[in-house]
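If you read the sequences in order, they're chains G and Z. Quick note, in the working numbering, the first sequence goes up one by one and the last residue is 551. Quick note, in the working numbering, the second sequence goes up one by one and the last residue is 221.
No lab work stands behind these hints, which were simulated from the structure alone. Ideal Cβ placement from N, Cα and C applies to all residues, glycine included. It is possible that part of the hints are untrue.
The following residues of chain Z were derived to be distant from chain G, with all beta-carbon distances above 10 Å [what the hints assert, rightly or not]:
1) R6
2) R61
3) Q64
4) L128
5) R174
Chain G is faced by these chain Z residues, among others (derived, beta-carbon under 7 Å) [what the hints assert, rightly or not]:
6) N181
7) A182
8) P186
9) I196
10) F198
Computed spacing ranges between beta-carbons, pair by pair [to be verified]:
11) G:S491 with Z:V10: 22 to 32 Å
12) Z:V36 with G:P372: 48 to 58 Å
13) Z:G83 with G:S491: 50 to 60 Å
14) G:F498 with Z:F187: 43 to 53 Å
15) G:I424 with Z:F187: 29 to 39 Å
16) G:K358 with Z:P52: 55 to 65 Å
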Amino acid sequence: MRPFKLFVAAILIMGAVLHIRPAAAQTVDEIISRGSINIGVLVDLPPYGILNAQQEPDGYDIEVAKLLGKYMGVKVNLVQLTSPNRIPFLVTNKVDMIVATFGITPERAKQVLFSIPYSAIENVVFAPKSAHIEKIEDLKGKRVGVPRGTVQDVILTQTLGSDVKMSRFDDDPSTYQALLTGQVDAIAETGLTGDTFFAANPSGNIERKFMLLRQPNGITLRKDQWNLHQWVNTFIYFVKNNGELSVIHQKWFHQDLPNLPVF
Amino acid sequence: MRAFSVSDVVFLIMAARWTLLLSAFGFIGGGVLGLLIALMRISHSAVPRWIAIFYIRLFQGTPLLLQLFVVFFGADMLGFGLGAYLSALLGLSLNAGAFLGEIWRGSIQAVPKGQWEAAEALGLPAYPRLLRVIFPQALRIALPPTVGFLVNLVKSTSLAAIIGFVELTRAGQLLNNATFRPFTIFGSVALIYFILCWPLSLASQRLEARLARAYQR
């Protein structure tokens, strides 16, 4: 037991000596006095977050993040995250908050703190025009493609269980490509992105079948960032009211901001 | 969705610099660790041998992706953030060290026993025996598997995307998410990997031929 105790002690001492974790900003005052805010974003989810032709982060989420920094009066450092490492980056203080199309669910709220919704994502089932699919039950016995771990993945798996053959892909382009090449019979994907993609690939003869759900997204914080949470809610409320959020929404989605529920 | 352009090709090539740098990290750090492990593994005393075996079992038996994840996020949980660079250096080196250590241990032990005995009979002390007789012969045996591992390491660096590096594969994914042109993009990515790995194999072949010349008498 002795060597083990020594080992644990050594790690703890090292932890105390090398106390060089990134400055974890918990409150509005801390961020303002530091002069910058680290915001985690996705750049692989068009049109919420993409790399533009100059290879810079761009998209709806990125513009919201920049607007947030403008209202707080600090410099915004955008940290590019991937869907699976979003929560680890947040809880280990590597970013102050995430603006990354994070759907608000009670399950996730056990780990993180959600702001009131600032955007919504439409989940739509796409399939070839010839396929007879009008409601979720019509997907029984079919091969359905989804991006792994998304809300549509959870809904289809819970509703249809073993009646549906789920194909889970790493990202959105792979999911679209799978439907185009006929590896799956239908996919559940982001409505607007799907419309653009299938319009650019008319040979597939693919159309919208039905809407699975409209999922509101929140800015995501650590569980103990209550002070910052209150400010973020106030910010969203304000830019929703003065129309700034709607202008960004028009730019990326060509339609007004939908009516977003609050809590 | 936007079009695929020349600037995207430049972006891929710039991202390939990370792939190269991460490979160099892993190979240099792993080389130092691997040499140490190989020597511990052939040691006459049991303790260093056990430590080396434990280390090799641990790092060969768990995925590199998880090793990077644990080093990067785990250090933060314990209270000292290592940052992305140090985590990648540490994660890749620890992993490469285990594999290179085993490759080199095998190469050293593959040198015929007669060579050890002959060197001893000539009265050479332990270190010159290892450095001047055994290592030059082990090098020849170690070269092909070492280069094979290095080529593999170049491709394994794509796993560093989990801790935030936008290296070649990740850059390809990002572009594909913006342009939806998988065949063009991943075709280019594959071509760049090939351009990085092929010269390694060629250099290895030439070096092998040169080292073999001494034995063609």
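Hint check:
no., hint, in the structure
1, R6, "violated, 6 Å"
2, R61, "holds, 18 Å"
3, Q64, "holds, 22 Å"
4, L128, "holds, 37 Å"
5, R174, "violated, 8 Å"
6, N181, "holds, 4 Å"
7, A182, "holds, 4 Å"
8, P186, "holds, 6 Å"
9, I196, "violated, 16 Å"
10, F198, "violated, 22 Å"
11, G:S491 with Z:V10: 22 to 32 Å, "holds, 27 Å"
12, Z:V36 with G:P372: 48 to 58 Å, "violated, 31 Å"
13, Z:G83 with G:S491: 50 to 60 Å, "holds, 56 Å"
14, G:F498 with Z:F187: 43 to 53 Å, "violated, 31 Å"
15, G:I424 with Z:F187: 29 to 39 Å, "holds, 33 Å"
16, G:K358 with Z:P52: 55 to 65 Å, "holds, 59 Å"
Hint compliance for this structure: hints 1, 5, 9, 10, 12 and 14 are not met, and every other hint is.
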